Every structure is written in C-alpha cells, then in structure tokens.
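Can you build the whole structure from these sequences, using the hints too?
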Amino acid sequence: MPTVRLRDAAEYPESAQALFELSKSWFGYEFREPPAMSRVMAWDPAFGGPHGRAMKRAMAPGEWTRGEKEMVAAVVSGVNACTY
Amino acid sequence: MAGDALWYEAAHVVGITNALNTVADAFEPLPGMTTIEPIDEGTATGGLALVFDEIRSFYARSDVPIAFRLLGHDPGYLGDFFAAVRRAFEDNRLSRRLKEALAFAVSLTSRSRFGAPFHLGEMRRLGVSERGVIEVLGVTQMFSSYTKIADTLQLESDMRDIAPVDRSPAPSGRPAA
Numbered sequence: 001m002p003t004v005r006l007r008d009a010a011e012y013p014e015s016a017q018a019l020f021e022l023s024k025s026w027f028g029y030e031f032r033e034p035p036a037m038s039r040v041m042a043w044d045p046a047f048g049g050p051h052g053r054a055m056k057r058a059m060a061p062g063e064w065t066r067g068e069k070e071m072v073a074a075v076v077s078g079v080n081a082c083t084y
Numbered sequence: 085m086a087g088d089a090l091w092y093e094a095a096h097v098v099g100i101t102n103a104l105n106t107v108a109d110a111f112e113p114l115p116g117m118t119t120i121e122p123i124d125e126g127t128a129t130g131g132l133a134l135v136f137d138e139i140r141s142f143y144a145r146s147d148v149p150i151a152f153r154l155l156g157h158d159p160g161y162l163g164d165f166f167a168a169v170r171r172a173f174e175d176n177r178l179s180r181r182l183k184e185a186l187a188f189a190v191s192l193t194s195r196s197r198f199g200a201p202f203h204l205g206e207m208r209r210l211g212v213s214e215r216g217v218i219e220v221l222g223v224t225q226m227f228s229s230y231t232k233i234a235d236t237l238q239l240e241s242d243m244r245d246i247a248p249v250d251r252s253p254a255p256s257g258r259p260a261a
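Protein chains in written order, with our numbering: chain S, 1 to 84; chain W, 85 to 261.
The set of hints was computed from the structure by calculation and includes no laboratory data. Small disclaimer: the values here were computed from a predicted structure and weren't measured. Backbone N, C-alpha and C define an ideal beta-carbon position, used for all residues, glycine too. Each hint should be verified, as a subset may be incorrect.
As the list claims (entries may be wrong) - Pairs of lysine-lysine residues, derived as DSS-like cross-links and limited to a Cα-Cα distance of at most 27 angstroms, are as follows: (1) Lys-56/S <-> Lys-24/S; (2) Lys-232/W <-> Lys-24/S; (3) Lys-232/W <-> Lys-56/S.
What the hints assert, rightly or not - For each label pair, taking beta carbons as the anchor points, the in silico distance ranges come out as: (4) Thr-3/S <-> Leu-221/W: 26 to 36 angstroms; (5) Gly-49/S <-> Glu-138/W: 46 to 56 angstroms; (6) Pro-259/W <-> Arg-57/S: 35 to 45 angstroms; (7) Ala-89/W <-> Gly-28/S: 21 to 31 angstroms; (8) Ala-95/W <-> Arg-66/S: 14 to 24 angstroms; (9) Asp-109/W <-> Pro-2/S: 29 to 39 angstroms; (10) Lys-56/S <-> Arg-145/W: 36 to 46 angstroms; (11) Thr-118/W <-> Ala-60/S: 41 to 51 angstroms; (12) Glu-138/W <-> Arg-57/S: 38 to 48 angstroms; (13) Gly-99/W <-> Gly-28/S: 21 to 31 angstroms; (14) Pro-253/W <-> Lys-56/S: 35 to 45 angstroms.
Below you can see the structure in the form of structure tokens.
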C-alpha cells in the first residue's frame, strides 16, 4: 500500500491536467486515472516538470529506438527490483 | 518490442551479466587482500586453452577478461558458463549491440566496477557512438530515479495491462489448450 494517499486527477489544479493529458498520449493507453507516477510527479511541478522533460528527452528516438530504450528502462527497473 | 521472445532474451542477458559481474567484482585483486587468483592465460592447456581461445574470439581481443580467468580453475564449469554467455549475447532476435547496451545498463545500475567499463568497451567495439552511449546513460539514470521514487512511496503497479499478452507457445512447443 502506498505510503501516501494518491490524489485523484480531479484533486489537482488545472495546470496539472495538461500534464496528465501528456502522460496519456505518452503511454497511448486509456487509464481510468492517470498513472500513479504521473500523479506523484504532478505534486510538485517544479520537480516533476524538468524531471519529466529529461525523461522524454532521454527516451526520444535517437541512435536507439523508443522500443529499445523501453527495454533498457525495463532492465534498469528489474535490477532495481522495482515492481511498479 | 512486441512478443515475449525478445523479453526472454533480454532477461537472459540481465541474468548472465549479473553473474559475470558478481564474480569479477568480488575478486578484483587488491593489495594485501585474500582473493582467488585468476588463471594465467599462458599456463592454460587442453580444454581450458580452447575455451580461452573461444572467449578471445568472441570479444575480438587478445586477452581473456578477468571474470572468465577466475572461473578457469574449473574448465568444465567455465566452458558451460561461457556457452551460456555466448548464447545470451550473440545476435538473435535482439542484436548483440543492443544486448551490450542492456548489459551496460545492468552494470551501471548494479554499480559494477568490472561490468560498466567492460560493456562500455563492447558497445564501442560494436559501433555504438558516444551519443548512443549517452542515450543509454540517460535512460538508466532516469529510471534509477523513477524506480526509487516508486519504491519510497511503495506505489502499486498500474502499468500491467498496457502491453498485450503474447499467446504464442514456447519455441517448438504447442499452443495452449
């Protein structure tokens, strides 16, 4: 169980709703609520904003495809034993 | 990256990379510390010399990396272990180049003193540019952040349903009833 209460998207200010829309298009999946991580990152836009931009820049296709980078990300998550 | 086969291959790379790093990092020779002496390549004969030749050939280098020389005390074990390493890393559905990138990410994440420079060297040897290396570095770093944030807050996965299930059978096997 999370150590914090994850707020529903509706509890966030209007500015965060744009972030949630970006998150939806990033994953290409219709979540009932924005992913927990998106809601965590929207808590403090001064942190979540640049962190999210760095992530998108890192994941953008370059020498490696987005798919290949997703595999690298999955591997890192596995080694970190992260079930999220 | 659709289909389970790619992910089985990736998992094999992760596992065998961690296995290699575990031994190499634990017995890095340090002055005054008890260690396992790596086999001197010049003394290898018979089956061990043949395995060492295969290792040098696979990595296109003139020496055998220390991780394998440490295992050379049991040539039979080394032979089987290296066969698994070679199978995991050779071009298959995933390219060897990508597999080295995965191994580099594993080694960075597990802070392997052997693995990070070893797989960085392999990536470069296989033609990955500095930009490509930095891309892997960035993804590794960002997901080292996300995973720790998720763990600290003990977030429960809500991503499990976003990938379609692969219903194909195991290689050469039969479809599920």
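Practice item. Could you work out which earlier hints the structure fails to respect and list their numbers in ascending sequence? Key: none
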